[in-house]
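In order, the protein sequence lines correspond to chains W and X. Residue numbers are given in my numbering: position 58 of the first sequence equals residue 58, and the series is strictly consecutive. For my numbering, add 164 to where a residue sits in the second sequence, where the first one is 1.
These are calculated hints, taken from the structure and not from any lab test. Check each hint, because a few of them may be wrong.
Distance ranges between label pairs, derived from CB positions [stated by the list, open to error]:
1) E139(W) / D345(X): 33 to 41 Å
2) S549(X) / Q31(W): 35 to 43 Å
3) T147(W) / R740(X): 19 to 27 Å
4) N144(W) / K424(X): 49 to 57 Å
5) K363(X) / T147(W): 43 to 51 Å
6) K142(W) / K502(X): 48 to 56 Å
7) N146(W) / K423(X): 54 to 62 Å
8) Q31(W) / K424(X): 51 to 59 Å
9) S117(W) / P191(X): 29 to 37 Å
10) L620(X) / N146(W): 38 to 46 Å
A short, non-exhaustive set of chain X residues, derived as facing chain W with CB atoms under 8 Å [stated by the list, open to error]:
11) L172
12) V183
13) V185
Every residue, glycine too, gets a C-beta built ideally from N, C-alpha and C.
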Amino acid sequence: MKCDVDTFARMYEEIYKDLYRFALCMMKNEQDAEDAVSDAVLSGYENIRKLRDEKAFKSWMFTILANTCKKKLQNRSRKFRMEKDMESSESERNNFGTGHPDYGISVDVQRAFLHLSEEEQTIIALSVFGGYNSKEIGEMLKLNANTVRSKRSRGLEKMECILA
Amino acid sequence: MEKREQNLLYKIEVGSENVVVPDSLKPENMKKKLEQCAWEERRRKRRRQWKFAGAAAAGIVLVAGITVYQNRTRMVKSDSAVINSADSSDGVVAKSVEKCPVNKGNQENQKYYAKSYKEIRKYIEASEKEETAKGSTKEQLLCADATGDYSNTNVRQEGVDEADVAKTDGRYLYVLEDDGDYVSIVDTKTNMKKISEIKAPKDETIEEFYLIEKNKKVVMICSNSSDDDYEDVEDVTRSSLISKQTEETQVVTYDVQDKKHPKKVGKVSQSGEYESSRISDGYLYIFSNYWVPENWKKKHPETYIPYVDDSLMKAKDICLPDGMKGCMYEIVSSINLKQPDKIADSKAIFSEGGDAYVSNKNIYYYEEEWTGNGKQEKTLLRKLSYKKGKLAVVAQKTFRGYLNDSFSIDEYDGYLRMVVARGKTNAVYVLDQKLKLTGKITNLAKDERVYSARFLGDTGYFVTYKETDPLFSVDLSNPKNPKILGRLKIPGFSNYLHFYGEDKLLGIGMDVDKKGDVTDGVKLSMFDISDKKNVKEEHKYTLKDVYSTDVEWDYKAALIDVEKNIIGFPAGGENRQMYYLFSYTEEKGFQCNMKEKIYGSDALSTRGIYIKDRLYVIHGNVLKAYSLKTYKKVDDCLL
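Same shape as in the complex, but just chain W:
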């Protein structure tokens, strides 16, 4: 679609809070979440003409953001591997788990996320913050709907013991 900055900003306004919450759950710290959203928005804007119409904007942005987070997480783990610095990896985890008050995400939810695989996190975060069903998530992540459903169930089961 043809889209100028104003149009883009208007569409973005409707979803940015959810985008950020999604990124926060995935990246587990504010700075990385902020970067991820910012990067995703810039690349979304650059590629906007590949988007057919406005209706698809939200799922398009979530897809880009999910990919951006994935890439960033890969880079992060690669970096840790390279530095052989497992401590910092631990501390990064702990930082999230013990609950930084400013995150705005309850300690329980933060902890619960830590028990999930990255894919489960992505699926559950897309369900919650994007409001997508298993079929839609499947399209976004190139998985079939059944796989999404079972991964979601498994993930939620893991979270249940903490959240229930």
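Got chain W; can you put chain X on it based on the hints?
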């Protein structure tokens, strides 16, 4: 979903209700950021991106885009104070010319050049004060129709050749392999068969190459910068960029008389990352970017002055910008193709990063200056003459506005014509040999922006776009008084314009619905320009569900030959890239003769080359041959 599960999802949502979104992500701030990027996009510094052209792997494509953007955003920040507040209300700002009058004759004007290394240091220091952090900027620019019964690289300026990743001499195909390690030579005489390969020098990557048919030479442009810098998307900072002080561009020439045994005949090098190159009148002109390292030392010129071959450049060969600072050199060297082991001449432009347009006589280096609010862009234009390899800075000037790409600037009959975007409007400028403004048209197409332009003799054509696609035609026969001849409004826009025989202009772009929001797909338009005052869209063709083509930003991806009546290009949508081949007749319009899947890695861009009645679709290591009579696949070859 079970109730239990729904409850959990709800709990998660409630548990994250208090998230406070950082200020930088607030819509109003994000909008500002996008505006900066929109501006930066015009620079089209997408050299890296072309390697990720295949849209199939969305993740990869996106990440590549991000890297470019990170560079850009930083660049924007750093540029914000570049502009002195020169009054620019009247279009071209003449101050630089007054300060540096152009000497009569062909003498170089010493005022443009640095007097000493000391003077150069002042610029570097000034630049450092701003904690400049800039991304590297690369691009290929510039088109000529094929001669003989095979195609040549689509170039910007007829008569000025450009390097590419695949070339032919009418029998052999020369193809740069995926990894940049080899140029393979493939014989097409009977069945396609690889007969030899030329290897990149150790630790070097071949960026692109030339084929000099007359002397039977292959000239490879190599660099020692690896693409791995993509790995650390986050770490593109100034220090990481300049830590590679050894960055160097090499020109390696091979004699290919004997196709089976290519023989190395020469090598030259210069500092900096390869940006672009041209060949004109038997000389190669090579452009590279050299960044001044952070830890440069006053007493050691070798830490801040670029090398050409093994000697430091002289201060008198370094041209200074208007603004009193700079941290990057654009190095231009010429090489006589008959003496491939020697650099004939070199000049460096102290610059903040720009692009080159190379006419048949001159190099125009244009560099946007950013004012911070996106409203008062200026462009610093420098003109270097080149004649038999001899380079000389002849004029420089700042004008208001910016250029969409190198097709928006064109030299003809001693005059330089430009279509520029100026704030919310657009303008046409005509400049004389000294870059003095002779005529202009301003306030064109308010709120629209230039998408493409092309000049033919005394006439210029350009497309602007917001909702509909006005194609303007402008009469430039009187340099003092350029005049708009006509404007045609149609839906959609063209990103690339190419003259298609007499009185026809081909536009490749996007079809967009009347409201201007929904893209219908890639569109081909044929304009009848026989009546310049009344240009008509003769026929159009929309490729449904195909949303992008490399041609939009890389004109070398286009294979267009009027005599052969072929229009070929790669294009894709959400699915795999396909190679499309069209023919055109006035009666029937566009006819799609071929639509074939492109195989191979997404790392390189796709090229179509024809030899006689065969079309070769080349994509990295995969070559496919199709008959131009039946449009069926007849052969293939894996390198």
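The hints, checked one at a time:
Roughly 38 Å separates the CB atoms of E139(W) and D345(X), a value that falls within the hinted 33 to 41 Å. Against the hinted window of 35 to 43 Å, the Cβ-Cβ separation of S549(X) and Q31(W) comes to about 51 Å, which falls outside the hint. For T147(W) and R740(X), the hinted distance range of 19 to 27 Å is satisfied, since their beta carbons lie about 23 Å from each other. The hinted window of 49 to 57 Å between N144(W) and K424(X) holds, with their beta carbons roughly 52 Å apart.
For the pair K363(X) and T147(W), the beta carbons lie near 45 Å from each other, so the given range of 43 to 51 Å is met. The supplied range of 48 to 56 Å is met by K142(W) and K502(X), whose beta-carbon atoms lie about 55 Å from each other. A C-beta distance of roughly 56 Å is found between N146(W) and K423(X), which places it inside the suggested range of 54 to 62 Å. Checked against the given bound of 51 to 59 Å, the beta carbons of Q31(W) and K424(X), roughly 57 Å apart, stay inside it.
Taking the beta carbon of each, S117(W) and P191(X) are about 33 Å apart, inside 29 to 37 Å as hinted. For the hinted restraint 38 to 46 Å between L620(X) and N146(W), the CB-CB distance of approximately 59 Å leaves it violated. The restraint placing L172(X) at the interface with chain W holds, with a minimum CB-CB distance near 5 Å, inside the 8 Å limit. Hint status for V183(X): holds, given a least beta-carbon distance of 4 Å to chain W, under 8 Å.
At a threshold of 8 Å, the smallest CB-CB gap from V185(X) to chain W is about 5 Å, leaving the interface hint in force.
Violated hints for the displayed structure, listed by number in ascending order: 2, 10.
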